[in-house]
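Every position in the sequence shown, counted from 1, becomes a number in the numbering used here once 9 is added.
Take these hints with a grain of salt, some might be off.
[As the list claims (entries may be wrong)] Pair ranges (Cβ atoms, derived):
no.	residue 1	residue 2	range
1	Lys-20	Ala-42	49 to 55 Å
2	Gln-58	Asp-19	55 to 61 Å
3	Arg-13	Ala-43	34 to 40 Å
4	Ile-32	Ala-53	28 to 34 Å
5	Gly-28	Arg-62	50 to 56 Å
6	Arg-12	Ala-33	44 to 50 Å
7	Cys-51	Lys-21	30 to 36 Å
8	Lys-16	Leu-54	53 to 59 Å
9	Gly-28	Glu-61	45 to 51 Å
10	Arg-62	Thr-23	31 to 37 Å
11	Ala-25	Gln-58	48 to 54 Å
12	Lys-16	Arg-50	29 to 35 Å
13	Gln-41	Arg-15	47 to 53 Å
These aren't lab readings, by the way, just hints derived from the structure by calculation.
Source: prediction; values computed, not measured.
We treat Cβ as the ideally placed atom computed from N, Cα and C, and that holds for glycine.
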Amino acid sequence: MNRRIRKKKDKKITEAINGLVLIAERREQQRQAAIRQFVKRCEALYEQQRTERRN
Numbered sequence: 010m011n012r013r014i015r016k017k018k019d020k021k022i023t024e025a026i027n028g029l030v031l032i033a034e035r036r037e038q039q040r041q042a043a044i045r046q047f048v049k050r051c052e053a054l055y056e057q058q059r060t061e062r063r064n
């Protein structure tokens, strides 16, 4: 395989890997956002129950 063809293949592989990394990073951001939302809802529920117990 000559150098030019190998370079093209390497470039395609690199682009594919970068695409997969981008997808993985986006999914991780979405996962962390979902966890933050869940924690906020839990905190709000806890506060609501705490104030109800006081009354």
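Hints and how they fare:
1. The hint said 49 to 55 Å for the Cβ distance between Lys-20 and Ala-42, and at roughly 33 Å that hint is violated.
2. Take Gln-58 and Asp-19: their Cβ atoms lie about 58 Å apart, and the range 55 to 61 Å holds.
3. Taking the beta carbon of each, Arg-13 and Ala-43 are about 46 Å apart, not inside 34 to 40 Å as hinted.
4. The beta-carbon spacing between Ile-32 and Ala-53, approximately 32 Å, falls within the hinted interval of 28 to 34 Å.
5. Separation of Gly-28 from Arg-62 is about 51 Å and conforms to the stated range, judged on CB atoms against 50 to 56 Å.
6. Distance hint for Arg-12 and Ala-33: a CB-CB separation of about 31 Å, inconsistent with the stated range 44 to 50 Å.
7. For the pair Cys-51 and Lys-21, the beta carbons lie near 45 Å from each other, so the given range of 30 to 36 Å is not met.
8. Distance hint check for Lys-16 and Leu-54: the Cβ-Cβ separation is about 57 Å, which falls inside the suggested range of 53 to 59 Å.
9. Taking 45 to 51 Å as the suggested C-beta distance range, the pair Gly-28 and Glu-61 conforms, at roughly 50 Å.
10. At roughly 58 Å, the beta carbons of Arg-62 and Thr-23 sit outside the given window of 31 to 37 Å.
11. In this structure, Ala-25 and Gln-58 meet the distance hint of 48 to 54 Å, their C-beta atoms being roughly 50 Å apart.
12. The given range of 29 to 35 Å is broken by Lys-16 and Arg-50, whose C-beta atoms sit roughly 51 Å from each other.
13. Judged by the Cβ atoms, the range 47 to 53 Å given for Gln-41 and Arg-15 is violated: they are separated by roughly 39 Å.
Taken one by one, the earlier hints fail for this structure at numbers 1, 3, 6, 7, 10, 12, 13, listed in ascending order.
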